[in-house]
Amino acid sequence: MRARPLLPLVVVLLGTAGLPSMAPLRADEIDAARGEALFSRIDEMLGSLSSIMGFGADKPIVRELLTREQITELVESRLEDESQTEQLRREELFLRLFGFVPREFDLAQQVADVLTEQATALYDYKTRKLYLATWTPDDMQEFALVHELAHAIADQRFDLGKFVKRSHTADGDLARSAVIEGQASWVMTEWLFQQTHRSLKDSPQLAAATAGASRYEAESYPVYSSAPLYIKETMLFPYTDGLLFQQRLVEEFGQKGFRIPFETAPLNTRHILNPESYLRDELPTKPRFLSLRLKGYERTSRGNVGQLEHRILVQQYTDSRDTADQISGGWRGGRFEIYETPDRKGAVLRYGSDWANRPGARDAFELYRKVCLKKLPQAELTLEEDDRFVGRSEWGWFDVRLIDNSIASLEGLPEPPAGAEASVTQ
1 MRARPLLPLV VVLLGTAGLP SMAPLRADEI DAARGEALFS RIDEMLGSLS SIMGFGADKP
61 IVRELLTREQ ITELVESRLE DESQTEQLRR EELFLRLFGF VPREFDLAQQ VADVLTEQAT
121 ALYDYKTRKL YLATWTPDDM QEFALVHELA HAIADQRFDL GKFVKRSHTA DGDLARSAVI
181 EGQASWVMTE WLFQQTHRSL KDSPQLAAAT AGASRYEAES YPVYSSAPLY IKETMLFPYT
241 DGLLFQQRLV EEFGQKGFRI PFETAPLNTR HILNPESYLR DELPTKPRFL SLRLKGYERT
301 SRGNVGQLEH RILVQQYTDS RDTADQISGG WRGGRFEIYE TPDRKGAVLR YGSDWANRPG
361 ARDAFELYRK VCLKKLPQAE LTLEEDDRFV GRSEWGWFDV RLIDNSIASL EGLPEPPAGA
421 EASVTQ
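Here our numbering is used: the sequence shown runs in plain steps of one and ends on residue 426.
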């Protein structure tokens, strides 16, 4: 199986605060007295959150101030807990073969750097303890605390650690992270607006504006802004798209909308990005694969590729979010397998995806042609037809086909596929 996606998994396990403000942090330190003053407001905050969510905390919430060094140690320890060496290698290989990251990329270090740069408060589901960072800016302290209290309330009610672990797919992990972080972000934002007698309940425009502002402000963080798009999007997705998903549930169900996604979890990122697909219980398809015969290879990884990852891929290679939203919105299913040689020097990617209709599949196919020519080193086409293209690169041969409403590909083949030497059509 594919390794669980490391970044959203650790974000969820540590419940980092991410909204509404992500402006650069100031160097001011919270002293013990200020920390206790903040913590003394917890009961008042819990009362407000209970009225928003329809349920509250049943047990006292343990809390503590942590220095930057202590936050770093906590993040690194959770990374170590959740990332075995072989699982990490497989996830990095998945990212490289799809073209999300460069050939030389240290996933664990990148995740640690991004999280420690941004963490202003944490809720650790393993210890069930709330942590507030001593360097949290004055104007973010209350918001960060409310965000983590929302996690603590949900954890006491639904056991968030178990909720995360019940997912059986990587795309499902991302969806569940969006349930957890999106709900806490929505509750925090609603708490903020209620201070000025406003509410998200009657204004989806406020929710959209909050999510948009967070995407913009996140770029002010140097480590985050310089990270690969995949890292940035999978980190921000739970907060921004998750908040919009929660907004739709509140509009549809009122306070019951805080319970429903924990009781009936979304299956994939499409359910988050398109809440209507969740409300109608839409199931993903299982795309077809091209036949594959390999000698001396073993399957080392398999899993799904969701709508979010397709959106990221399109945006990365077109530099257009509008194009990415348009094409990825037609996603209906995606999966892959990776085969490797025993020495791990050779790798073959087998990929398939289904799309809502033939025009959408055609658009995705033409885009994937451009992706392959950019992501594969020294790529050149040897066959180019309306519904198929074949070529070779430093990583081996590739064969990509459009079949009805589906795309199917083999990439990294040690030998040319049948018909690979035909002339390229002009």
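Keep in mind the hints are simulated off the structure, nothing from the lab. Beta carbons are placed, not taken as given, at the ideal position from N, Cα and C, and that holds for glycine. Mixed in with the good hints, there may be bad ones.
In silico BS3-like links for lysine-lysine, alpha-carbon gap of 25 Å or less [to be verified]:
1) K162 <-> K345
2) K162 <-> K126
3) K129 <-> K165
4) K232 <-> K345
5) K126 <-> K201
6) K374 <-> K232
7) K374 <-> K345
Label-pair restraints from in silico Cβ distances [said to hold, decoys possible]:
8) I260 <-> P222: 36 to 42 Å
9) R362 <-> T85: 37 to 43 Å
10) R302 <-> E366: 23 to 29 Å
11) T264 <-> R34: 37 to 43 Å
12) K295 <-> P222: 25 to 31 Å
13) T264 <-> S320: 42 to 48 Å
14) A379 <-> S203: 27 to 33 Å
15) E252 <-> R321: 38 to 44 Å
16) A418 <-> E380: 32 to 38 Å
17) S77 <-> T264: 30 to 36 Å
18) F289 <-> A208: 36 to 42 Å
19) A208 <-> S320: 43 to 49 Å
20) E251 <-> K295: 27 to 33 Å
21) F289 <-> K374: 47 to 53 Å
The hints, checked one at a time:
Of the supplied pair hints, the one linking K162 and K345 is violated, its CA atoms being roughly 37 Å apart against a limit of 25 Å. Distance restraint check for K162 and K126: the Cα-Cα separation of roughly 10 Å lies within the 25 Å cut-off, and the hinted pair is therefore satisfied. Taken as a hint, the K129 and K165 pair is honoured in the structure, with Cα atoms around 19 Å apart against an allowance of 25 Å. The straight-line distance between the Cα atoms of K232 and K345 is roughly 29 Å, outside the 25 Å bound, and the hint therefore fails.
At roughly 32 Å between alpha-carbon atoms, K126 and K201 are farther apart than 25 Å, so this suggested pair is violated. A hinted pair counts as satisfied when its Cα atoms are at most 25 Å apart, and K374 with K232 qualifies at roughly 21 Å. About 21 Å separates the Cα atoms of K374 and K345, which keeps this hinted pair within 25 Å; it holds. With their beta carbons about 38 Å apart, I260 and P222 fall inside the hinted range of 36 to 42 Å.
Between R362 and T85, the C-beta spacing of about 41 Å keeps the proposed range 37 to 43 Å intact. Between R302 and E366, the C-beta spacing of about 26 Å keeps the proposed range 23 to 29 Å intact. For the pair T264 and R34, the beta carbons lie near 41 Å from each other, so the given range of 37 to 43 Å is met. Between K295 and P222 the CB atoms are about 48 Å apart, so this pair departs from the stated range of 25 to 31 Å.
Taking 42 to 48 Å as the suggested C-beta distance range, the pair T264 and S320 does not conform, at roughly 34 Å. Between A379 and S203 the beta carbon distance is about 48 Å. The supplied range of 27 to 33 Å is therefore violated. For the pair E252 and R321, the beta carbons lie near 26 Å from each other, so the given range of 38 to 44 Å is not met. A hinted range of 32 to 38 Å for the beta carbons of A418 and E380 is inconsistent with their spacing of about 18 Å.
At about 33 Å, the beta-carbon gap between S77 and T264 stays in the expected band of 30 to 36 Å. The hinted range of 36 to 42 Å is satisfied by F289 and A208, whose Cβ atoms lie roughly 38 Å apart. Checked against the hint of 43 to 49 Å, the pair A208 and S320 fails, with Cβ atoms roughly 20 Å apart. Taking the beta carbon of each, E251 and K295 are about 56 Å apart, not inside 27 to 33 Å as hinted.
For the pair F289 and K374, the supplied restraint of 47 to 53 Å is violated, since their beta-carbon distance comes to about 24 Å.
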